[in-house]
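J.: Residue strings, one per chain:
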Amino acid sequence: MITRALFNLSDTGSRTFLGVLLAIAILVPLSNLTLAPDHALHVPTHIVSLVGKYLCYAILAVALDLVWGFCGILSLGHAAFFALGGYAMGMYLMRQIGTRGVYADPILPDFMVFLNWKDLPWFWWGFDSFFFAALMIVLVPGLLAFVFGWLAFRSRVTGVYLSIITQAMTYALMLAFFRNEMGFGGNNGLTDFKDILGFDIQAQTTRVGLFIATVATLALTYIVCRLLVTSTYGKVLVAIRDAESRTRFLGYRVEHYKLVAFVASACIAGIAGALYVPQVGIINPSEFAPANSIEAVIWVAVGGRGTLTGAALGAVAVNFAKSVFTTGALAPYWLFVLGGLFIVTTLFLPKGIVGTAGDLIRRLRGDRAAAGKTTQDSAPVRQPAE
Amino acid sequence: MTALPVTQSVLYLDGISVAFDGFKALNELSLYLEPGEMRAIIGPNGAGKTTMMDVITGKTRPDTGSAIFNGRHDLTELDEAEIANLGVGRKFQKPTVFESHSLADNIRLALDGERSPFSALFGARNRILDDRIDEVLARVRLLDHRERLAGDLSHGQKQWLEIAMLLAQDPKLLLVDEPVAGMTDAETEETAHLLRDISRTHSVIVVEHDMHFVRLLNVKVTCLHEGSVLAEGTIDAVSANERVIEVYLGR
Numbered sequence: 006m007i008t009r010a011l012f013n014l015s016d017t018g019s020r021t022f023l024g025v026l027l028a029i030a031i032l033v034p035l036s037n038l039t040l041a042p043d044h045a046l047h048v049p050t051h052i053v054s055l056v057g058k059y060l061c062y063a064i065l066a067v068a069l070d071l072v073w074g075f076c077g078i079l080s081l082g083h084a085a086f087f088a089l090g091g092y093a094m095g096m097y098l099m100r101q102i103g104t105r106g107v108y109a110d111p112i113l114p115d116f117m118v119f120l121n122w123k124d125l126p127w128f129w130w131g132f133d134s135f136f137f138a139a140l141m142i143v144l145v146p147g148l149l150a151f152v153f154g155w156l157a158f159r160s161r162v163t164g165v166y167l168s169i170i171t172q173a174m175t176y177a178l179m180l181a182f183f184r185n186e187m188g189f190g191g192n193n194g195l196t197d198f199k200d201i202l203g204f205d206i207q208a209q210t211t212r213v214g215l216f217i218a219t220v221a222t223l224a225l226t227y228i229v230c231r232l233l234v235t236s237t238y239g240k241v242l243v244a245i246r247d248a249e250s251r252t253r254f255l256g257y258r259v260e261h262y263k264l265v266a267f268v269a270s271a272c273i274a275g276i277a278g279a280l281y282v283p284q285v286g287i288i289n290p291s292e293f294a295p296a297n298s299i300e301a302v303i304w305v306a307v308g309g310r311g312t313l314t315g316a317a318l319g320a321v322a323v324n325f326a327k328s329v330f331t332t333g334a335l336a337p338y339w340l341f342v343l344g345g346l347f348i349v350t351t352l353f354l355p356k357g358i359v360g361t362a363g364d365l366i367r368r369l370r371g372d373r374a375a376a377g378k379t380t381q382d383s384a385p386v387r388q389p390a391e
Numbered sequence: 059m060t061a062l063p064v065t066q067s068v069l070y071l072d073g074i075s076v077a078f079d080g081f082k083a084l085n086e087l088s089l090y091l092e093p094g095e096m097r098a099i100i101g102p103n104g105a106g107k108t109t110m111m112d113v114i115t116g117k118t119r120p121d122t123g124s125a126i127f128n129g130r131h132d133l134t135e136l137d138e139a140e141i142a143n144l145g146v147g148r149k150f151q152k153p154t155v156f157e158s159h160s161l162a163d164n165i166r167l168a169l170d171g172e173r174s175p176f177s178a179l180f181g182a183r184n185r186i187l188d189d190r191i192d193e194v195l196a197r198v199r200l201l202d203h204r205e206r207l208a209g210d211l212s213h214g215q216k217q218w219l220e221i222a223m224l225l226a227q228d229p230k231l232l233l234v235d236e237p238v239a240g241m242t243d244a245e246t247e248e249t250a251h252l253l254r255d256i257s258r259t260h261s262v263i264v265v266e267h268d269m270h271f272v273r274l275l276n277v278k279v280t281c282l283h284e285g286s287v288l289a290e291g292t293i294d295a296v297s298a299n300e301r302v303i304e305v306y307l308g309r
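Chains U and H, in that order, are what the protein sequence lines are.
Under my numbering, the first residue of the first sequence is numbered 6, with each subsequent residue one higher.
Under my numbering, the first residue of the second sequence is numbered 59, with each subsequent residue one higher.
So that you can see chain U by itself, here it is in the shape it has in the complex (with noise of 0.2 Å):
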């Protein structure tokens, strides 16, 4: 079984993106730590902050590469996983400021002060302690993503429809999270974080920790994904995707493998919420918006769909290009640009990059029958919300 398992490591994409990911987690905090600021190869503090949100995107794309590349599950919800885990982790750090806060209270945050609450609501219990805390980063996002998957995937909702309400439910919980009487601090959502796990959460130290975590965290989930995706389970859920009824016609219950695949993406959307939060300082509604979910879904189209690989590629280069355009004179055409990416990807790179280049290689190295292949792994591009 590990030999099997390290076997399905030792692939060319597994080894590049893996030695990657070790040297930026290696590079980044040394050049930040021990070089001078004024030194040519100083990362700034703020950068590796940066750099640590966009690999909270690609935790979460992976996440979503899986259900959709892998299974043809086109959610358009996968923020409200990400968005959950972000606030279980926003309640702990809430309730580690303690009488730091504003109005001092030693239990009750800010906001519930302000709204002249006298107990902490049931739902904040047990959030002071960061283990009961980081179940519920788990826990939440997998028992939504349960009973939602259940109810939709038992009715046989499928494509442009489970689409649709997975975008409803996003949408239904950022309105929801907007009310002050639901008790997650409304419009202003969760800030002013003072400490994690005791470290003071704008020090240099605990940055560079929380950038080291992302990525052994981002490792961890391509080790997971790419262990799923190559078993026979992972087979299973490719097989649905290619043509779920002879799926279900060969005795698979289909709805239990989708599930499965369903929950797990939901439990890590929400560990890369959780790692996000303290990297940007404020978790707020507005993280549940519909459209944060569609550009989940451009980087992954963008990246290379089913490739695992190319779903963290096209979250980075996604948010690299956004952080770029929206900043200075080009910032009111971002939204066209992204517009714009996903016609172009769809068009004239419908397997992303990753996929795309993965066929150049294999040509370049005059392998045809390889290229032949490849090309057969298009079938998901044929039918891109089944």
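Be aware that one or more of the hints could be misleading.
To be verified - Simulated DEER-style distance windows between Cβ atoms:
| id | chain 1 | residue 1 | chain 2 | residue 2 | range |
| --- | --- | --- | --- | --- | --- |
| 1 | U | Ile366 | H | Arg130 | 21 to 27 Å |
| 2 | U | Ile169 | H | Ser174 | 25 to 31 Å |
| 3 | U | Trp155 | H | Ala196 | 40 to 46 Å |
| 4 | U | Thr351 | H | Arg190 | 40 to 46 Å |
| 5 | U | Arg20 | H | Asp79 | 53 to 59 Å |
Unchecked claim - Simulated coverage check for chain H against chain U, where a stretch passes if three residues somewhere in it have a Cβ under 8 Å from a Cβ of chain U:
| id | stretch |
| --- | --- |
| 6 | 71-78 |
| 7 | 240-248 |
Hints are computed from structural coordinates only; laboratory data are not their basis.
Positions of the beta carbon are idealized from the N, C-alpha and C atoms, including for glycine.
With chain U held as given, fit chain H onto it using these hints.
T.: Quick look at chain H alone, frame taken from chain U:
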């Protein structure tokens, strides 16, 4: 649940009616299949052949009637996966295989055994032996293509791969919908040979338009028309039947 009729038949369809928006796709259809029997079903388009398969495999629920499998299970109360696991395999009209998997993986997924996500992740499904896969592929003469992607196969080869997947599933009853559509004459003959070989150990229902192929099968023929049985008997008797000639074969 009403008491099930006692029957030796592997499949016992009794008074099955299915209507779609008022159109009666099946009309009081009754049909019995003996264990080990192979039956050919013919009939014009819209006669209800595919709907009948949909009812047997749980895709469509009939309005009335019962479908008893193996004398014990009422198929009208079960869903596709349950029926498949009882031992009913189905080949679709359009060859449907897993195009981005190798032939070996297509068979691996079809082979009988535990089918839960857990078994696919950690359990029995990971320990399927290559010998079993080779054995099935050899039977449809696709062993040389073992590592090719199913999507690269020709149309006829895909038909065979799908039949091989049914064999791997090892069902008691095989439903085969138009297996020789788009095949050359040589392929058609080989397919007839293959199905006759399979029928030695399985019960089989074959739906086909190709009368030459049906003749090659040399089994009892049922002609459907407007959702019920029009004629039943040997190929010669059925093709000589006045009504069959009128509605299906033409003069």
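J.: So which of the earlier hints does this model not fit?
T.: Numbers 1, 6 and 7 - these are the hints that the structure violates, sorted from lowest upward.
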